[in-house]
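Undergrad: Sequence:
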Amino acid sequence: MMHAVHVREHRISIILNKFGQPIGPDKATLDQFSSFLGTVARHYAFAPLVTPTWTRVENKNKMWEYVLSKYDVPIHGKKWVLSTMGSAWRVHKCRFKEKFCKTYKDNMTRWRHRPKDIPQSDFR
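Just so you know, we're using the numbering used here here: the sequence shown kicks off at 11 and counts up by one.
FYI, nobody ran anything at the bench for these hints, they're computed from the structure.
Please read these numbers as outputs of a predicted model, since none were measured by experiment.
There's no promise every hint is true.
[Claimed, not checked] Keeping only pairs whose Cα atoms sit at most 30 Å apart, straight-line, the calculated DSS-like set for lysine-lysine is:
1. 112 / 88
2. 37 / 80
3. 70 / 28
4. 28 / 89
5. 112 / 80
6. 70 / 88
7. 70 / 126
8. 70 / 112
9. 89 / 70
10. 107 / 89
11. 72 / 37
12. 103 / 88
Take these sequences, add in the hints, and give me the full structure.
TA: So this is what it looks like as structure tokens:
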């Protein structure tokens, strides 16, 4: 489902409330938008897992620009978008550590079970 968002060329408008949170145009679009933000946050090119904390992720502006290439989000929604992506990234990092660092007790076993979508340079 998210592949369709990543490859589309037209932007969909997102309606925000006075706090910068998305409220429209409809539930299906909002669900897709939230899922899309999670996929962006989990992509290693934007937010590598080797980064210690979300505050140290350097590509937040690139992430915001990528979101704007797929959705028309008013500027006062940027804080909410980045906060949502930060939460998704932290959950992703925590689940990754749980699955690969705690499950496999030695580096060789971890390396053999390394996910293919994470570059070797980021898997240490």
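Undergrad: State for each hint whether it applies.
TA: Structure-based check of all given hints:
Annotation: proposed proximity of residue 112 to residue 88 is violated, straight-line Cα distance about 35 Å (limit 30 Å). The hinted pair formed by residue 37 and residue 80 meets the criterion: a straight-line CA distance of about 17 Å does not exceed 30 Å. At most 30 Å may separate the alpha-carbon atoms for a hinted pair to count; residue 70 and residue 28 meet this at roughly 23 Å. Restraint check for residue 28 and residue 89: the C-alpha separation of about 12 Å stays at or below 30 Å, so the hint holds.
Taking the CA atoms of residue 112 and residue 80, the gap is about 36 Å. The hint is violated against a cut of 30 Å. At most 30 Å may separate the alpha-carbon atoms for a hinted pair to count; residue 70 and residue 88 meet this at roughly 10 Å. Proposed proximity of residue 70 and residue 126 is supported: the alpha carbons are some 24 Å apart, at most 30 Å. Taking the CA atoms of residue 70 and residue 112, the gap is about 29 Å. The hint holds against a cut of 30 Å.
This hinted pair checks out: residue 89 and residue 70 have alpha carbons roughly 11 Å apart, not beyond 30 Å. Distance restraint check for residue 107 and residue 89: the Cα-Cα separation of roughly 27 Å lies within the 30 Å cut-off, and the hinted pair is therefore satisfied. Simply put, residue 72 and residue 37 have alpha-carbon atoms about 26 Å apart, close enough for the 30 Å limit, and the pair holds. Restraint check for residue 103 and residue 88: the C-alpha separation of about 22 Å stays at or below 30 Å, so the hint holds.
Consistency note: the structure conflicts with the earlier hints numbered 1 and 5.
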